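The task is simple: from the sequences and hints, build the whole structure.
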Amino acid sequence: MRKVIGFLLIASFAFFIVSLVARDLWIDDPAQVRTIGQAAIGQTIPQSGAANTVTAIVVQFRGLDTLGEVTVLFLSAIGVALLSGEFAGRGLNELFADDGGFILHYGTRLVLPLIALVGAYIVAHGHLSPGGGFPGGVLIATAVFAVLMTNVQQRLSTRLMAVIEGLAGLAFVGLGTLGLLGDKFSFLANVLPKGELGFLFSAGIIPLIYAAVGTKVAAELSTLVTSLTGSDKDAGPASVSAGGKGGAR
Amino acid sequence: MIAIVLFVSVLLIGLAAGAIFVRSLGSAVILLGAVSLLVALAFLLLAAPDVAITEAAIGSALTTLVYVLALRRTDSVHRADTDGELGMERAGGTAKGAFKGAPRIDGVARAADGSVLQSGVSSAGASRASEAKGDSRA
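First to last, the sequence lines map onto chains A and R. For the first sequence, my numbering gives the first residue as 595, with consecutive numbering after it. For the second sequence, my numbering gives the first residue as 12, with consecutive numbering after it.
Hints are computed from structural coordinates only; laboratory data are not their basis. No experiment lies behind these values; they were computed from the predicted model shown. All C-beta atoms, glycine included, are put in the ideal place defined by N, C-alpha and C. Please note that a few of the clues may not be correct.
Unchecked claim - Cβ-Cβ distance ranges computed for the label pairs, FRET-style:
1) R:Ala-58 - A:Lys-597: 35 to 43 Å
2) R:Ser-38 - A:His-699: 24 to 32 Å
3) A:Leu-708 - R:Pro-60: 14 to 22 Å
4) A:Met-595 - R:Leu-17: 31 to 39 Å
5) R:Phe-32 - A:Gly-695: 31 to 39 Å
6) R:Ile-41 - A:Lys-597: 20 to 28 Å
7) A:Phe-609 - R:Ala-58: 19 to 27 Å
8) A:Leu-614 - R:Val-79: 27 to 35 Å
Structure follows, in structure tokens:
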């Protein structure tokens, strides 16, 4: 049964890849593709002022869906935090004894600022170049994990992260409400001045919304990673904690 | 260009098959990370850099990280009552069995064994192990 399901999965994956590649190889001229994409590309610059069409679609043309996406991510982060409390095992404390050794410790110090900088760049330039709030926030959370990996004693304040995340979510909704006050009377309408195409301060509310999304994603995923790496340090060694739990039951 | 795309596609399907059919969960997680990285490369070759960046960051880095941490946490439930690495060696093949996707049988067998586990702690460990497996099956 397991093998049958596995072969079915592989076959569907192969079919997906073949259809994707075949479509790309057979159609030489992009103008042959008559889809909604043509209309979106044509409307991007006059309506949003963003140089990156994907960002214009994600944040402006379907901004409400992005708000829903952020909510889904928030709920799943809560679910992981709840579940990881059930498995209160050894965290990373025994995997990396003190600071993870010389190479890990100093290598992380070397790479950490670069990871955080690239994450912030990807968030800030979402309307100009590929990227945006989601991958940039994930990169920043990865940098937070590197800190946790090398400084085991270092713990992230979950309460502070929750406050940051809530403020970022409020900023998203508040920027959307700004559209209701403008002349379009529509949620998440781009009412701020569009500026000049290709500059950092352009495209109205798009970079602001992506900054809020990036902050929210980074805070959520940092909390998630912290709750997964954490262990009950106060209970002492893992064997003692397991025995205590068994006795309490 | 076309040759590179075809090569990446064939490699992707092979790695995905490996991730499904490999016995050890840890290896499957690493193979999934490799699949995500190659999918990101394929997206880049198909002129979708936005999706490629997101796939590389989320699929390849964060998902692998969360899977590895979750594996370690759930595995530590089964091994929490043995004395660390020494207990693992004494348990031998059964401790490896936890990684091979049969933690319930592993927990029961080790509880029945008795030589590896102390009394009292062992029943708690076995019941928690079976609970964990039941939750993930549901």
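Do the hints match the structure? See the list:
1. R:Ala-58 - A:Lys-597: 35 to 43 Å: Hint holds: Cβ distance 36 Å, inside 35 to 43 Å.
2. R:Ser-38 - A:His-699: 24 to 32 Å: Since Ser-38 of chain R and His-699 of chain A have Cβ atoms about 28 Å apart, the given range 24 to 32 Å holds.
3. A:Leu-708 - R:Pro-60: 14 to 22 Å: At 20 Å between Cβs, range holds.
4. A:Met-595 - R:Leu-17: 31 to 39 Å: holds, 32 Å
5. R:Phe-32 - A:Gly-695: 31 to 39 Å: holds, 35 Å
6. R:Ile-41 - A:Lys-597: 20 to 28 Å: holds, 21 Å
7. A:Phe-609 - R:Ala-58: 19 to 27 Å: Holds - the Cβ-Cβ distance for Phe-609 of chain A and Ala-58 of chain R, about 22 Å, lies within 19 to 27 Å.
8. A:Leu-614 - R:Val-79: 27 to 35 Å: Holds, since Leu-614 of chain A and Val-79 of chain R (Cβ atoms, about 29 Å apart) stay within the stated range.
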